[in-house]
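Chemist: Protein chains in written order, with the working numbering: chain X, 9 to 181; chain R, 9 to 181.
Hints in this document: simulated from the structure, not taken from any laboratory. Please note that a few of the clues may not be correct.
When chains are identical, the list treats them as one kind, so a pair holds in a single copy or across two.
What the hints assert, rightly or not - In the DSS-like style, the derived pairs of lysine-lysine whose C-alpha atoms are separated by at most 27 Å in a straight line are:
#1 Lys124 / Lys45
#2 Lys124 / Lys165
#3 Lys56 / Lys97
#4 Lys32 / Lys90
#5 Lys93 / Lys121
#6 Lys42 / Lys121
#7 Lys165 / Lys90
#8 Lys42 / Lys93
#9 Lys121 / Lys169
#10 Lys97 / Lys165
#11 Lys121 / Lys16
#12 Lys93 / Lys56
#13 Lys45 / Lys169
#14 Lys121 / Lys45
#15 Lys124 / Lys97
#16 Lys121 / Lys165
2 protein chains.
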Amino acid sequence: MSIEQITKTIRDVPDFPIAGVLFKDIMPVLADAKLFKETIDLFVARYKDQGIAKIAAVDARGFLFAGAVATQIGAGLIPIRKKGKLPYKTIEETYSLEYGTATLTMHVDAIQKGEKVLIMDDLLATGGTALASAHLVEKLGGQVAELAFLVELDFLKGREKLTGYSLYAPIVF
Amino acid sequence: MSIEQITKTIRDVPDFPIAGVLFKDIMPVLADAKLFKETIDLFVARYKDQGIAKIAAVDARGFLFAGAVATQIGAGLIPIRKKGKLPYKTIEETYSLEYGTATLTMHVDAIQKGEKVLIMDDLLATGGTALASAHLVEKLGGQVAELAFLVELDFLKGREKLTGYSLYAPIVF
Numbered sequence: 009m010s011i012e013q014i015t016k017t018i019r020d021v022p023d024f025p026i027a028g029v030l031f032k033d034i035m036p037v038l039a040d041a042k043l044f045k046e047t048i049d050l051f052v053a054r055y056k057d058q059g060i061a062k063i064a065a066v067d068a069r070g071f072l073f074a075g076a077v078a079t080q081i082g083a084g085l086i087p088i089r090k091k092g093k094l095p096y097k098t099i100e101e102t103y104s105l106e107y108g109t110a111t112l113t114m115h116v117d118a119i120q121k122g123e124k125v126l127i128m129d130d131l132l133a134t135g136g137t138a139l140a141s142a143h144l145v146e147k148l149g150g151q152v153a154e155l156a157f158l159v160e161l162d163f164l165k166g167r168e169k170l171t172g173y174s175l176y177a178p179i180v181f
Numbered sequence: 009m010s011i012e013q014i015t016k017t018i019r020d021v022p023d024f025p026i027a028g029v030l031f032k033d034i035m036p037v038l039a040d041a042k043l044f045k046e047t048i049d050l051f052v053a054r055y056k057d058q059g060i061a062k063i064a065a066v067d068a069r070g071f072l073f074a075g076a077v078a079t080q081i082g083a084g085l086i087p088i089r090k091k092g093k094l095p096y097k098t099i100e101e102t103y104s105l106e107y108g109t110a111t112l113t114m115h116v117d118a119i120q121k122g123e124k125v126l127i128m129d130d131l132l133a134t135g136g137t138a139l140a141s142a143h144l145v146e147k148l149g150g151q152v153a154e155l156a157f158l159v160e161l162d163f164l165k166g167r168e169k170l171t172g173y174s175l176y177a178p179i180v181f
C-alpha cells in the first residue's frame, strides 16, 4: 500500500537542524518518481472538485507539492514567503518561535474575497507557521478550506494550535 | 496565444530587490489557474518521453514549477538548495555574486550515475546559479539534459556563461 511505502521512505536525520532534533527528511520520497506521483495523487483525490480557487504554498518545501496539486485540481498557486522575498506589496504576520520570531508575507492581491484557499506545507510541527498562514489567508478575505501536510508530528501538538481549522496529513509520526 | 498572455501577466516591480532593478514578478501567472496550467503544459510537452529521470529544482521559485512537471513526465524531484537547508549529507558548489558568494548544495544520493536530469528555475539572469546547479548535477554523475526557465533576461547574458548546455526559456525579455 502506497502510504506505507511513502512512510518507510521518509528518512530520519538526527541532530538537524539542531542537536537533539530527529528531522524527517521527505526528499527520498520526492526523488522516487512513482512515490512522488502517489503522494500528489493523494492530495489530488481529496481536493479535486471541491471548489478550491487557490493553493497557498508555504515557503519553501510546500512549493514542491503545491504546484503539482494546483495544476491537477485547476487551482491557482500563491506563495506564502518569509519577509523580504516577495517583490510586490505584501501583508505580513509575525509569530513566535522557540527563540525569537518569524514573519510571513503574502502579496496583497493574491486572493479575491471569498475564494476557497487550501494551505499546503510538507510537515506540521508546532503549528506556528500554519496558524500564521491561515491568518494571512483570512486577512486577504480568503476562506481556509483546509490545511494539508504530507506529515504531521503528533507529539508536537500543532493540531491543538489550529482548532477551528480542518487539517489533513496522510502520515502521522 | 497563451505565451503572449503569460508574458503580459508577468508584473514589473521597480527597485526590487535593490534600487535600480526592474524585477519580473511571475506570481500573477501562477495565481491564474488557467495560465499556470498552460505554463506547466509548455514544459510537459517539451520533456515528456525524453527519458528524464529527475528534475533538479532550484530553491525556491524553481520548486513551484518542478513538482508539477515532474509528476506529469514521470520524473523524480530533487532539490538544489542554499547551504544549510538540506538535512542529509550534501555536496556543495560556491559561486560568485556581484557582491560576495553563494553556496548551493544537493544531497549526495539525489542522482544515480548516468541519469538524465532536467534543471528547472523560474528565471535565467546572470547564469551563476544555473551554472553552479549544472556542476552539482554533474558531480553526482548526472547528465544535464537541459536547463529550463520560464523567463530569460537576455540583456544579462546568462546564456554566455552556459555554453555547452542546452537551454530553454519560452519567454525572453
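Chemist: Look at each hint and say if it fits the structure.
Modeler: How the hints compare with the structure:
In this assembly of identical chains, Lys124 and Lys45 lie within 27 Å of each other by CA distance both inside one copy and across copies; the values are 25 Å within and 19 Å between. With identical chains, the CA atoms of Lys124 and Lys165 are at most 27 Å apart within one copy only, with a shortest distance of 26 Å there and 41 Å across copies. Taking the shortest alpha-carbon separations for Lys56 and Lys97, neither the intra-copy value of 31 Å nor the inter-copy value of 37 Å comes in at or below 27 Å. Proximity of Lys32 to Lys90 under the C-alpha cut-off of 27 Å is found in both arrangements, the shortest distances being 22 Å within a copy and 19 Å between copies.
With identical chains, the CA atoms of Lys93 and Lys121 are at most 27 Å apart within one copy only, with a shortest distance of 24 Å there and 35 Å across copies. Proximity of Lys42 and Lys121 under a CA criterion of 27 Å is satisfied inter-copy only: 19 Å between copies versus 37 Å inside one chain copy. In this assembly of identical chains, the alpha carbons of Lys165 and Lys90 lie at most 27 Å apart only when taken from the same copy (23 Å versus 29 Å across copies). In this assembly of identical chains, the alpha carbons of Lys42 and Lys93 lie at most 27 Å apart only when taken from different copies (25 Å versus 32 Å within one copy).
For the homomeric pair Lys121 and Lys169, the shortest alpha-carbon distance inside one copy (25 Å) is at most 27 Å, but the shortest distance between copies (45 Å) is not. For the identical chains of this complex, Lys97 and Lys165 are neighbours neither inside a copy (33 Å) nor across copies (29 Å), given an alpha-carbon limit of 27 Å. For a Cα distance limit of 27 Å, the shortest separation of Lys121 from Lys16 across copies, 24 Å, qualifies, whereas the shortest one inside one copy, 41 Å, does not. Proximity of Lys93 and Lys56 under a CA criterion of 27 Å is satisfied in neither setting, with 30 Å inside one chain copy and 32 Å between copies.
Taking identical chains as interchangeable, the C-alpha atoms of Lys45 and Lys169 are never at most 27 Å apart, the minima being 30 Å within one chain and 34 Å between chains. Only between protomers do Lys121 and Lys45 lie at most 27 Å apart by alpha-carbon distance; the minimum there is 22 Å, versus 32 Å within a single protomer. Taking the closest pair of Cα atoms, Lys124 and Lys97 come within 27 Å of each other only inside a single copy of the chain (22 Å); across copies the shortest separation is 40 Å, beyond that limit. Taking the shortest alpha-carbon separations for Lys121 and Lys165, neither the intra-copy value of 31 Å nor the inter-copy value of 41 Å comes in at or below 27 Å.
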